[in-house]
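Based on these hints, arrange chain B on the given structure of chain A.
Chains A and B, in that order, are what the protein sequence lines are.
For the first sequence, UniProt numbering assigns the number 1 to the initial residue and increments by one for each residue that follows.
For the second sequence, UniProt numbering assigns the number 1 to the initial residue and increments by one for each residue that follows.
Keep in mind the hints are simulated off the structure, nothing from the lab.
Just so you know, nobody snuck in bad clues.
Covered stretches of chain A (chain B as the covering partner; in silico rule of three or more C-beta atoms under 8 Å from a C-beta of chain B): (1) 152-159; (2) 175-188.
Which stretches of chain B does chain A cover? Using the computed rule of at least three CB atoms under 8 Å from a CB of chain A, they are: (3) 174-188; (4) 211-218; (5) 223-234; (6) 300-313.
Using C-beta positions, here's what the derived DEER-type ranges look like: (7) B:Q305 to A:D9: 41 to 51 Å; (8) B:Q305 to A:P8: 42 to 52 Å; (9) B:H382 to A:E357: 50 to 60 Å; (10) B:K318 to A:Q326: 22 to 32 Å; (11) B:H315 to A:T69: 33 to 43 Å; (12) B:Q305 to A:S385: 34 to 44 Å; (13) A:A67 to B:R303: 26 to 36 Å; (14) B:E360 to A:Q326: 42 to 52 Å; (15) B:D208 to A:E357: 57 to 67 Å; (16) B:D18 to A:E314: 50 to 60 Å; (17) A:A387 to B:Q381: 19 to 29 Å; (18) A:A67 to B:Q305: 23 to 33 Å; (19) B:Q287 to A:E314: 40 to 50 Å; (20) B:H382 to A:S385: 24 to 34 Å.
A virtual CB, placed ideally from N, CA and C, is assigned to each residue, including glycine.
Protein chains: 2
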Amino acid sequence: MSYYALTPDTLRDYLAQDEALASRLGGTADTWHIREVSDGNLNLVFIVTGHLGAVCCKQALPHVRVAPTWPMPLERALFEARYMQRIAQAKTPHAVELYAFDNAMYLLVMEALLPHQVLRSQLIANKDIACFSAPIARYISHTAHASSWHTQRFETGSQILEEFSGNTALTRITVDLILSDPFRQSERNPTPEAELLPVIHAMQDDADLLRAVTHLQTRFLSARQALLHGDLHTGSIMLHDGDIRVIDGEFALMGPIGFDCGLYIANLILHACAAPSKADFIRNEIQIFWDTFTEEMQRLFDRPQGDAAQLLPEHEDKAFVSAFLQEIFQDTVGFCGLEIIRRTIGFAQIADYDLCETPEARLAARQAALSIGKALVLQHQHIASIAEILAIFSTD
Amino acid sequence: MSYYALTPDTLRDYLAQDEALASRLGGTADTWHIREVSDGNLNLVFIVTGHLGAVCCKQALPHVRVAPTWPMPLERALFEARYMQRIAQAKTPHAVELYAFDNAMYLLVMEALLPHQVLRSQLIANKDIACFSAPIARYISHTAHASSWHTQRFETGSQILEEFSGNTALTRITVDLILSDPFRQSERNPTPEAELLPVIHAMQDDADLLRAVTHLQTRFLSARQALLHGDLHTGSIMLHDGDIRVIDGEFALMGPIGFDCGLYIANLILHACAAPSKADFIRNEIQIFWDTFTEEMQRLFDRPQGDAAQLLPEHEDKAFVSAFLQEIFQDTVGFCGLEIIRRTIGFAQIADYDLCETPEARLAARQAALSIGKALVLQHQHIASIAEILAIFSTD
Numbered sequence: 001m002s003y004y005a006l007t008p009d010t011l012r013d014y015l016a017q018d019e020a021l022a023s024r025l026g027g028t029a030d031t032w033h034i035r036e037v038s039d040g041n042l043n044l045v046f047i048v049t050g051h052l053g054a055v056c057c058k059q060a061l062p063h064v065r066v067a068p069t070w071p072m073p074l075e076r077a078l079f080e081a082r083y084m085q086r087i088a089q090a091k092t093p094h095a096v097e098l099y100a101f102d103n104a105m106y107l108l109v110m111e112a113l114l115p116h117q118v119l120r121s122q123l124i125a126n127k128d129i130a131c132f133s134a135p136i137a138r139y140i141s142h143t144a145h146a147s148s149w150h151t152q153r154f155e156t157g158s159q160i161l162e163e164f165s166g167n168t169a170l171t172r173i174t175v176d177l178i179l180s181d182p183f184r185q186s187e188r189n190p191t192p193e194a195e196l197l198p199v200i201h202a203m204q205d206d207a208d209l210l211r212a213v214t215h216l217q218t219r220f221l222s223a224r225q226a227l228l229h230g231d232l233h234t235g236s237i238m239l240h241d242g243d244i245r246v247i248d249g250e251f252a253l254m255g256p257i258g259f260d261c262g263l264y265i266a267n268l269i270l271h272a273c274a275a276p277s278k279a280d281f282i283r284n285e286i287q288i289f290w291d292t293f294t295e296e297m298q299r300l301f302d303r304p305q306g307d308a309a310q311l312l313p314e315h316e317d318k319a320f321v322s323a324f325l326q327e328i329f330q331d332t333v334g335f336c337g338l339e340i341i342r343r344t345i346g347f348a349q350i351a352d353y354d355l356c357e358t359p360e361a362r363l364a365a366r367q368a369a370l371s372i373g374k375a376l377v378l379q380h381q382h383i384a385s386i387a388e389i390l391a392i393f394s395t396d
Numbered sequence: 001m002s003y004y005a006l007t008p009d010t011l012r013d014y015l016a017q018d019e020a021l022a023s024r025l026g027g028t029a030d031t032w033h034i035r036e037v038s039d040g041n042l043n044l045v046f047i048v049t050g051h052l053g054a055v056c057c058k059q060a061l062p063h064v065r066v067a068p069t070w071p072m073p074l075e076r077a078l079f080e081a082r083y084m085q086r087i088a089q090a091k092t093p094h095a096v097e098l099y100a101f102d103n104a105m106y107l108l109v110m111e112a113l114l115p116h117q118v119l120r121s122q123l124i125a126n127k128d129i130a131c132f133s134a135p136i137a138r139y140i141s142h143t144a145h146a147s148s149w150h151t152q153r154f155e156t157g158s159q160i161l162e163e164f165s166g167n168t169a170l171t172r173i174t175v176d177l178i179l180s181d182p183f184r185q186s187e188r189n190p191t192p193e194a195e196l197l198p199v200i201h202a203m204q205d206d207a208d209l210l211r212a213v214t215h216l217q218t219r220f221l222s223a224r225q226a227l228l229h230g231d232l233h234t235g236s237i238m239l240h241d242g243d244i245r246v247i248d249g250e251f252a253l254m255g256p257i258g259f260d261c262g263l264y265i266a267n268l269i270l271h272a273c274a275a276p277s278k279a280d281f282i283r284n285e286i287q288i289f290w291d292t293f294t295e296e297m298q299r300l301f302d303r304p305q306g307d308a309a310q311l312l313p314e315h316e317d318k319a320f321v322s323a324f325l326q327e328i329f330q331d332t333v334g335f336c337g338l339e340i341i342r343r344t345i346g347f348a349q350i351a352d353y354d355l356c357e358t359p360e361a362r363l364a365a366r367q368a369a370l371s372i373g374k375a376l377v378l379q380h381q382h383i384a385s386i387a388e389i390l391a392i393f394s395t396d
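Pulled out of the complex, with its shape left as it was, chain A reads as follows:
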């Protein structure tokens, strides 16, 4: 079968022809309810509900969904499927189950998260949610454990490197939009508020900042520590009551573990910049995130048996994990700063800023975010604890 972009009608026919998927939905095809819910930047997404169950169908488009003249290779669906298959091995309860992948249609059929809502939307709607950051910390540490050179035979990491090195179309987005564009002239950068121009130009001329960004670019491309989600912002997380799930792994690659941590924390900080009254709540989530991450990493990396740590004598393990965590922490701080800057002045900005009720409030939010982001990037190799991040964050 050759590729065609699905509609609700053609998707109904498609699913009816797949016995396993049809029986998962139950009843006859004409009874299924199909609803398009695409709201990311890149793909078509449908929720299909039958008498017995539901599935989520995600299909890649040959272009950016929200920018049809920007071509985007369909193969990204393959990398998302590979990511879901790899993550299944990590046995985390916060993953989404993949039911089927059609490599000709670039279509993933997966568990539907029906009552769940996107974390970013719930934060913006000021829903009564809390402690969602501990599961995210566990998710990152479990996936790191399943792919790290410290805990696995090196052949495992080599195979993951081989599986994901071809994911260059989406990695190019990360390299350009997060790691480069905010710090140079680029037609992808939207026109900023006039008041921000001096700040932006000063950043683009700041040799210390550019040196720190260069260090983070180098870390992202050369520090291949573990399998990353690669786009772990609050829009890639869905939750309902205590059930927290990570979705949208199409940016997956081997990289520095702190990249996933940094993007997540950055999007919490950005939310607090847009909604300053929630700063204490957000600070608490960040503290929970890092405390849980530290505990889980210490538990999972105790007595490492991988090729890069199996020689360590027993009493050395804790010192080893501490040093490893410190390295991850520095990357976390740096990538957190880059994500804050990129979501504030770069191509893919965030809905959180719409919480600001006046142009003045929005400008102040962006100025605060840029100030925090710049400080984190500049100091990422020197900040020693999460308390220092929270302190930088609270001075604004």
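Chain B alone, transformed into the frame defined by chain A:
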């Protein structure tokens, strides 16, 4: 055609059926002179000479040539062919030209280096050679330039990662024999001289040393800076007059650039341990190596245009290259120490030690080597200059 291990007779038939290779040799097949010259640990090697030219034929065996019960996947020939194809793009005069690769026969047919001899053999024979280290330094810097995130679009490095991540059979040898076995009980470790046992046991119980080895294991597996040769000792280099060539790239992988530098320097130091009267000569070669490497890297990485450095303002470049060289240098020191130790007490020892005329001299040579190797591993993150290496080396 299915695989069979070649003999001079079957190789003659094989080459006769390949028009391009036959015409390169000239004349009829019965006039070709075929000579087996296998002397590495792993492969069959033949030199074929005709009226017009000569070729070198290297075929993988399904086991270690010198240990037939140790199986070894044939696919390593594919990775050596890929390495030669990649290195051809770096346009270094110190590579060997690949004429043909037969993936079914796991056979490489390449430029024959007829008057050339292996550097290790020439050192052992005390031939009048010098300044061979500058070309090796240029070779490493050129291949690093052609594959680095700093100088190339990241898609280049990603493709190299994809091409070489599957080279796990030979990387497993590196991980076990260089990075692990000397520091643990292993049946692959040969029985050492009794006098060395206390030193070896002390190393295997030295928590500081094991922590330093763990750091180097981590660097080797996660610091994917550039395409490495992966086995760049003095037995992988051939020379004749001023023509210096690097052979045997089957261990190739993306890794820390200092791994290639460290293995090379280690084998020079090992030669000086076995032949102490040549210490000044060797020290001079090491100095030439590092000076040339530094100069070439500064020249080639000036104004880097790759995705991991394109933001740097002009006056920042030199500081950037200096910091990059310092990172490479620390890896160089550490891997140099590991290689010295491994070639002294591990599985694949070196012929240089046969220069020692008495058991006492050999023991003293190994003790000196272990002492230097241990110091370099322990201090690899703190030694700041090549002069410090030469100082450690001269105290013995």
